[in-house]
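Protein sequences appear in the order of chains A and B.
Here the first sequence is numbered in our numbering, starting from 4 and rising by one per residue.
Here the second sequence is numbered in our numbering, starting from -5 and rising by one per residue.
By construction, these hints were calculated from the structure, which means they are not laboratory data.
Some clues are possibly wrong.
Lysine to aspartate or glutamate pairs mimicking EDC-like chemistry, simulated, CA-CA at most 16 Å apart [unchecked claim]:
(1) Lys17(A) to Glu49(A)
(2) Lys251(A) to Asp154(B)
(3) Lys170(B) to Glu254(A)
(4) Lys158(A) to Asp78(A)
Now for the letters of each chain:
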Amino acid sequence: MRVLIVKNYDEMSKEAAKIVKSRLEQKPDLVLGLATGSTPLGLYQELIRMHKENSLSFAKVRTFNLDEYLGLKPDNDQSYHYFMFENLFKHIDVPRENIYIPDGLANDPEKFCQWYEDEIEKAGGLDLQVVGIGRDGHIGFNEPGSSLASRTRVKSLDEGTIKDNSRFFAKPEEVPHFAITMGVGTILESKEILFLANGAGKSEIVARAIEGPVTSQVTASILQIHPKAIAILDEAAAAGLQRKDYYKYAEEQARHFEKNM
Amino acid sequence: MKVTILPSEKTVCCKLTEIIVSAVREKPDLVIGFSPASEILPCYAGLIECCHKKEVSFHQSRFFATDEFVGLDPENPLSNSFRLWSHLLSHLDIQLENVYLLNGAALNPTIECAEYERKIEQAGGVDLGIVSLGIRGDVGRNEPSSSLGSRCRVKTLAPDEATRNGRFLSHGSHPKFSMTVGVATLMAAKSVVLVAIGTGRAMILSKALEGPLTSAVTASVFQRHPKCTVLLDETASTFLKRKDYYKSSA
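Okay, chain A solo, but in the shape it has when bound (with noise of 0.2 Å):
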């Protein structure tokens, strides 16, 4: 994996950014698996900037997101539908009928992800898949002791995630405990990952990830055997990694070696 350790949550997001736009310039038509949470949440404040000020344009980009809670509404404000429209969706040139959000109202949700998956294949698989992490290691929801095969499923939401969640809901009933999500197989067949994570909090999970066993109970992990993955962390993020100075002597040699050839 190559691991870029930056300052702070500003050049993580723009670090992220940059490599979107530059794999977005080699294929405009760019097939782009997106994330939700505050880690990405910069990455997009970014890509708008770049989209208004640089005319970068996502005309011909389709979407695909990793996750949604069952039983929201796409106008519920918790929902992942209303997060991407609000943060990304709505300020670039993206057209809808490019955008797949796993549908957390459909009806029989187990042919739904066999749509879903049927539909990334058919257009011709993820390019660039980004993903955050969990502080118990899930990258989706996809849950400490997911199958490292699993494909698009309902899962169950964790007792803690269902917790966290609950102070977002005016009712208990009304708080998910389900949802769909890409699996980890489908994750790791994106032909390439951009893995962010920043924060404290995020620092021990970040190093077992990156340089504990791969293990079905950090599903994250998986991410090693990826043939093109790049971690971007920010300094407290990276805190716990053991390999640190390698990874930071390893992109600036990197560097070099790129401006001689």
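The hints should help you fit chain B onto chain A, whose structure is shown.
Coordinates of chain B only, in the frame set by chain A:
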């Protein structure tokens, strides 16, 4: 994984020779992937002897090396290519066109690496890969944290002196980059022999064989290989928990 513990370094070399010779006899156009690591070079003497005695012919065998330093011309005595020629290739009845080595002086190392993967593929893949366990569990030049799905590419070498190659000490400067086949390239070999010699390898070998699958110890990936033989001497076996089992199943 077949773990073979042998009494000494010399017997490890003999066993390695035996494995290679019998594979070449069975398939004369064998595609051999081989390591230029210093620990393993003396082992190649056995192959030369067998070839001289006409016990085996490498006339149709094809050779691919695992790695080379960026910036070193094949004529440079410090290069892996030079060492492989002087320790092995020039003494065998090989055909020049069957030897494929990464060119350290390639103008574009990135392209050289991609081409090398293509050549391996065109040869039908590696039949027998000979790899040496590095001091940090690395195989080829796949430093810890290398992707377990990696293919041949340019890799930055760790800057710490302890892990550096002694032969560059007198040379003044150590190369900063290598070209190396990836972990996935090694895994794609139909059969693999992993060699570990000496007490210096004992701890890391136990991690590789009996520890978790992790890119922190790239050799751990061979736990998933369908046909991997590990050859080690007694001193390298010190920390293996299941040493008795390996010995009894030999």
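inquiry  = For a C-alpha distance cap of 16 Å, please report whether Lys170(B) and Glu254(A) respect it.
reply    = holds, 12 Å
inquiry  = Checking one constraint from the list: CA of Lys17(A) to CA of Glu49(A), max 16 Å. Satisfied?
reply    = holds, 6 Å
ask   = Given the proposed pairing of Lys158(A) with Asp78(A), does the C-alpha separation stay at or below 16 Å?
value = Violated. Lys158(A) to Asp78(A) sits at ~22 Å, over the 16 Å cutoff.
inquiry  = Would the hint linking Lys251(A) and Asp154(B) be met if the CA-CA limit is 16 Å?
reply    = holds, 13 Å
Comparing the model with each numbered hint stated earlier shows that hint 4 is the single one that does not hold.
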